[in-house]
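A.B. asks: Using the hints, position chain R against chain H.
These protein sequences, in sequence, are chains H and R.
Taking full-length UniProt numbering, I'd label the letters of the first sequence as residues 1 to 457.
Taking full-length UniProt numbering, I'd label the letters of the second sequence as residues 1 to 522.
Just so you know, the hints here were simulated from the structure itself, not pulled from any lab data.
Source: prediction; values computed, not measured.
Note that beta-carbon positions come from the ideal geometry of N, C-alpha and C, so glycine has one too.
Hints should not be assumed to be uniformly reliable.
As the list claims (entries may be wrong) - Sample of chain R residues at the chain H side, in silico, Cβ under 8 angstroms:
(1) Leu5
(2) Ile13
(3) Pro206
(4) Lys224
(5) Val227
(6) Ile230
(7) His233
(8) Ser236
(9) Val239
(10) Cys305
(11) Ile308
(12) Gln309
(13) Glu312
(14) Arg382
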Amino acid sequence: MALTADGSEQKELTQTPLLKIWVPWMGCNLNRRRGSSVPQFCNSPTMIVMVGLPARGKTYISKKLTRYLNWIGVPTKMFNVGQYRREAVKIYKNFEFFKQDNEEAMNIRKACAAAALKDVTAYFTKEQGQVAVFDATNTTCERRAIILNFAKEKGYKVFFVESICEDPEIIAENIKQVKFGSPDYVDRDIEEAMEDFVQRIECYRASYTSIDDDKDRKLSYIKIFDVGSRYLVNQVQDHIQSRIVYYLMNIHVTPRSIYLTRHGESELNLLGRIGGDSGLSPRGQKYANALAIFIKSQNIKDLKVWTSHMKRTIQTAEALGVQYEQWKALNEIDAGVCEELTYEEIQRDFPSEFALRDQDKYRYRYPKGESYEDMVHRLEPVIMELERQENVLVICHQAIMRCLLAYFLDKPGDELPYLRCPLHTTLKLTPVAYGCKVEPFFLNIEAVNTHRERPVK
Amino acid sequence: MPRELTQNRIQKIWVPTKDDKPAAPRRATGAPHFANPQTVIVMVGLPARGKTYISKKLTRYLNWIGLPTKVFNVGEYRREAVRNYSSFDFFKPDNECAVKIRQQCALAALRDVKSYLKDEGGHVAVFDATNTTRERRDMILTFGNENGFKIFFIESVCDDPSVIASNIMEVKVSCPDYRDCNKTDAMLDFQRRIECYKTSYQPLDPDRHDKDLSFIKVIDVGRKFLVNRIQDHIQSKIVYYLMNIHIQPRTIYLCRHGESTDNLEGRLGGDSGLSPRGKQFSVALARFVEEQQQQDLKVWTSQLCRSIQTAEHLGVPYEQWKALNEIDAGICEEMTYDEMKEKFPEEFALRDEDKYYYRYPAGESYQDLVQRVEPVIMELERQANVLVICHQAVMRCLLAYFLDKSADEMAYLKCPLHTVLKLTPVAYGCKVESISLNVDAVNTHRDRPEEVKRGPGTLIRRNSVTPLTSPESIIKKPRIDDLDEAPIQEMPPSVSSLALCSPSHLPLTLTGKHWLGKVCLT
Numbered sequence: 001m002a003l004t005a006d007g008s009e010q011k012e013l014t015q016t017p018l019l020k021i022w023v024p025w026m027g028c029n030l031n032r033r034r035g036s037s038v039p040q041f042c043n044s045p046t047m048i049v050m051v052g053l054p055a056r057g058k059t060y061i062s063k064k065l066t067r068y069l070n071w072i073g074v075p076t077k078m079f080n081v082g083q084y085r086r087e088a089v090k091i092y093k094n095f096e097f098f099k100q101d102n103e104e105a106m107n108i109r110k111a112c113a114a115a116a117l118k119d120v121t122a123y124f125t126k127e128q129g130q131v132a133v134f135d136a137t138n139t140t141c142e143r144r145a146i147i148l149n150f151a152k153e154k155g156y157k158v159f160f161v162e163s164i165c166e167d168p169e170i171i172a173e174n175i176k177q178v179k180f181g182s183p184d185y186v187d188r189d190i191e192e193a194m195e196d197f198v199q200r201i202e203c204y205r206a207s208y209t210s211i212d213d214d215k216d217r218k219l220s221y222i223k224i225f226d227v228g229s230r231y232l233v234n235q236v237q238d239h240i241q242s243r244i245v246y247y248l249m250n251i252h253v254t255p256r257s258i259y260l261t262r263h264g265e266s267e268l269n270l271l272g273r274i275g276g277d278s279g280l281s282p283r284g285q286k287y288a289n290a291l292a293i294f295i296k297s298q299n300i301k302d303l304k305v306w307t308s309h310m311k312r313t314i315q316t317a318e319a320l321g322v323q324y325e326q327w328k329a330l331n332e333i334d335a336g337v338c339e340e341l342t343y344e345e346i347q348r349d350f351p352s353e354f355a356l357r358d359q360d361k362y363r364y365r366y367p368k369g370e371s372y373e374d375m376v377h378r379l380e381p382v383i384m385e386l387e388r389q390e391n392v393l394v395i396c397h398q399a400i401m402r403c404l405l406a407y408f409l410d411k412p413g414d415e416l417p418y419l420r421c422p423l424h425t426t427l428k429l430t431p432v433a434y435g436c437k438v439e440p441f442f443l444n445i446e447a448v449n450t451h452r453e454r455p456v457k
Numbered sequence: 001m002p003r004e005l006t007q008n009r010i011q012k013i014w015v016p017t018k019d020d021k022p023a024a025p026r027r028a029t030g031a032p033h034f035a036n037p038q039t040v041i042v043m044v045g046l047p048a049r050g051k052t053y054i055s056k057k058l059t060r061y062l063n064w065i066g067l068p069t070k071v072f073n074v075g076e077y078r079r080e081a082v083r084n085y086s087s088f089d090f091f092k093p094d095n096e097c098a099v100k101i102r103q104q105c106a107l108a109a110l111r112d113v114k115s116y117l118k119d120e121g122g123h124v125a126v127f128d129a130t131n132t133t134r135e136r137r138d139m140i141l142t143f144g145n146e147n148g149f150k151i152f153f154i155e156s157v158c159d160d161p162s163v164i165a166s167n168i169m170e171v172k173v174s175c176p177d178y179r180d181c182n183k184t185d186a187m188l189d190f191q192r193r194i195e196c197y198k199t200s201y202q203p204l205d206p207d208r209h210d211k212d213l214s215f216i217k218v219i220d221v222g223r224k225f226l227v228n229r230i231q232d233h234i235q236s237k238i239v240y241y242l243m244n245i246h247i248q249p250r251t252i253y254l255c256r257h258g259e260s261t262d263n264l265e266g267r268l269g270g271d272s273g274l275s276p277r278g279k280q281f282s283v284a285l286a287r288f289v290e291e292q293q294q295q296d297l298k299v300w301t302s303q304l305c306r307s308i309q310t311a312e313h314l315g316v317p318y319e320q321w322k323a324l325n326e327i328d329a330g331i332c333e334e335m336t337y338d339e340m341k342e343k344f345p346e347e348f349a350l351r352d353e354d355k356y357y358y359r360y361p362a363g364e365s366y367q368d369l370v371q372r373v374e375p376v377i378m379e380l381e382r383q384a385n386v387l388v389i390c391h392q393a394v395m396r397c398l399l400a401y402f403l404d405k406s407a408d409e410m411a412y413l414k415c416p417l418h419t420v421l422k423l424t425p426v427a428y429g430c431k432v433e434s435i436s437l438n439v440d441a442v443n444t445h446r447d448r449p450e451e452v453k454r455g456p457g458t459l460i461r462r463n464s465v466t467p468l469t470s471p472e473s474i475i476k477k478p479r480i481d482d483l484d485e486a487p488i489q490e491m492p493p494s495v496s497s498l499a500l501c502s503p504s505h506l507p508l509t510l511t512g513k514h515w516l517g518k519v520c521l522t
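Just chain H, same shape as in the assembly (with noise of 0.2 angstroms):
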């Protein structure tokens, strides 16, 4: 028997039958172990504080960065201090509620906000929260000196995020974007509700303290400038901040849509087998070129187009009869042992492993393949490009189709792998408000059907 450095019985290692993860032999254990692609790379739990008056984008800011971070796995939570306000008021006047002297709106904000304080703590204690995204305006020193030393006390780190922005434009289409239609203003006509909510800035511009340069130069955060045309970042202490403030370089508010869909109907697909590298059936073919008469009717300015490496993907695109790039991250799914097999065959050959899928498909690793979650930190940075882009066609795959849809409509885990994309039918994304408008077109081509729905338990 092999003895370890301190002279102790060599431990063995097993792999989890789920993850493929090699760990020790633990006995029982084994299954409280997680594992993933990636090393988590957070230790303390961190609050991402944002800063700036209204209508500065922070909550839009915020529910991205939030649906960002949960999509490469690390649970995220936004506290919208808002809500609690109107939790708290239940009906919504004007905005003198927001004047600097009405002391008892300031004391129900202040309350609001420590409630707000008190949830980041319950889901980082007890709901295994690692990021809390403290949405509101934060504008005064004093407001941001009580997070900072609340932050202290419990031992999590703060990254501040301040949007400034001083462009009449850009303020006036927020206001027109999300305002309106906020409970605050469901009863207003919109020139009634564009004049109290002016008035409502006014109330925090008197106070507002912009993060100092100099007095502030121990904190960590990023400041954006007009929606991105400038950054300031200070001090970033670790990963996760790093990929935060890398994000938020990235991404853009300029009106564009993404097209994902599949590639059209493959040999392999008519025979049921999953995964391979063949090429486009008849009916395949036929989607490609009603793909490409589709694509010229949306008369899409500067389209780019991306497939993967497979021989599917880039026949459809090649009947476009324009310029693509193709990205090996958009490859689909390494089914391991079971490429090329037909459910069936899997099910007869692999029973245990089989079962496992069904058990849990989002982090199940085929043995010798990848699983959904390993597609996702693989997709990374697809998204970022994606997120850096305006109009792009992604001709892709069932399982990376899925993961990328995930991302776009901050869906978890959880669902992910049960998310319906068929063959033969693509999905436009417009980014509207704070989320992403989806609109399906079917081109009318006959396909198989390849989707397996969640068993039952």
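C.D. replies: Relative to chain H, chain R alone:
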């Protein structure tokens, strides 16, 4: 009619067939190259602010991820033009003769930048000089406009005297300018040199004068950054990289897992466990790590059994990265080289032809590996002391990054089993110590075969004259002395694993004489 597709034989990339012949292989990468417009990165800052350090490091990174990049250090041009540096007087703003020479050097460097980007397949040029006046920067902007190059400024601002003094000690006192001086004199002279620049220094002004330029201001060695108007993908990546690097002293240890049972049989890939000797190595590694007494050592492994088993012996927490898994040999997984040669003779031959770009059928290439491993490099840059227990091909990728090895050399770097490479950043490069832990193991290294013919365009050498675009287009290449299209002579392995510098030569005309300016890449 849809175009027929063929899979090019080396990279296994599907491309449209031209007529009946397969299209000439494109050196496409796993990810599209978004840096289509060529970029000139322009350093800005007083002397001893880390401009050359940043230039070299950034160049090394961009080349490693597959973007041909080269540094043009105006100081080198000046040293060629003015053979003997006398004193800081040369840099006095009123020294008319010197000012003229320095101007000429900058222009010569820009000419070479143009040539590199337009004629030599370069993608990014790093213009390393102080560029502290608006006048100089305007000239560069005009140059960029005229030639269709994007311009991105990197300004390093630092007023911490201890950092500056430390920089001067680390790289200036030993520089050729001061070869005949003692350290104190050199330090003094250099500080007066800095003063010469200070009066005319106009920092980038994001609020008014320079608000439309694309740049990043690095303040106090990365404590703070001001980023203005990032235009595209490559600028975004550069900014991300700069924000992750640091200059704290630290050590990176690279090693492979202990010898595995598959290794013993000469099998590729797979997921086998350690052989008895492999276990011995793990024990020896644990001892070694303890002796090294590194503060807060992080240990990283892949998700393959053999690397984790190795880490288990250390008795410390370790992190598993799937990205550190060995290269996927696709259909050749778990075969021996002989079996591969027998079953897939054509694949076997193709691999030897171009090992960097060669992708195993249903597997990966070294080029794919680089892309896969990039997040690991980024995190390594962020970290301090790290031990990475990985695999042969992966270790070659990582090593090539740290030692600035070209794609061509990468696949043949020697990374034997049971040997730890200790990397310590020093000056502009990396010191490497190879430490064998004295446990025998099989040799898994295959040398570049002698009989492999190297045709033009099959090998991409970084900072070389071979263009990266497809061989279909005829690009007029400048005739350069002895570098015509002959392959660079391969350096003997012992040197190649320790060499820090790969010089390249470019002709320059200055004062009518034909001479070579060495642009050092470390």
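A.B. asks: Return the status of the interface hint for Ser236(R): holds when the least beta-carbon distance to chain H is below 8 angstroms, violated otherwise.
C.D. replies: 6 angstroms, holds
A.B. asks: Under 8 angstroms, Cβ to Cβ, is where Pro206(R) needs to be relative to chain H, so tell me if that hint holds or is violated.
C.D. replies: 6 angstroms, holds
A.B. asks: Checking hints one by one. Is Cys305(R) an interface residue toward chain H, by the C-beta closer than 8 angstroms rule?
C.D. replies: Hint on Cys305(R): holds, closest Cβ of chain H at ~5 angstroms, below 8 angstroms.
A.B. asks: Taking the least C-beta to C-beta distance, is Lys224(R) closer than 8 angstroms to chain H?
C.D. replies: Check passed: Cβ of Lys224(R) comes within 5 angstroms of chain H, closer than 8 angstroms.
A.B. asks: Could you check if His233(R) really has its C-beta closer than 8 angstroms to a C-beta on chain H?
C.D. replies: The hint holds - His233(R) has a Cβ within 8 angstroms of chain H, the shortest such distance being about 6 angstroms.
A.B. asks: At a threshold of 8 angstroms, is the proposed contact between Ile308(R) and chain H supported by beta-carbon distances?
C.D. replies: With a minimum Cβ separation of about 5 angstroms from chain H (threshold 8 angstroms), the hint on Ile308(R) holds.
A.B. asks: The hint names Val227(R) as touching chain H; please verify it with the least Cβ-Cβ distance against 8 angstroms.
C.D. replies: Because about 4 angstroms separates Val227(R) from the closest Cβ in chain H, which is inside the 8 angstroms limit, the hint holds.
A.B. asks: Taking the closest Cβ pair, is Val239(R) under 8 angstroms from chain H?
C.D. replies: Interface hint status for Val239(R): holds (7 angstroms vs cutoff 8 angstroms).
A.B. asks: Let's test the interface hint: is any C-beta of chain H closer than 8 angstroms to that of Gln309(R)?
C.D. replies: With a minimum Cβ separation of about 6 angstroms from chain H (threshold 8 angstroms), the hint on Gln309(R) holds.
A.B. asks: Any CB of chain H closer than 8 angstroms to the CB of Ile13(R)?
C.D. replies: 6 angstroms, holds
A.B. asks: So, Arg382(R) near chain H? Judge it on the closest CB pair being under 8 angstroms.
C.D. replies: Cβ of Arg382(R) sits 6 angstroms from chain H, so the hint holds.
A.B. asks: Is the interface hint for Glu312(R) satisfied, with its Cβ closer than 8 angstroms to some Cβ of chain H?
C.D. replies: 6 angstroms, holds
The structure is consistent with each of the numbered hints, conforming to all of them.
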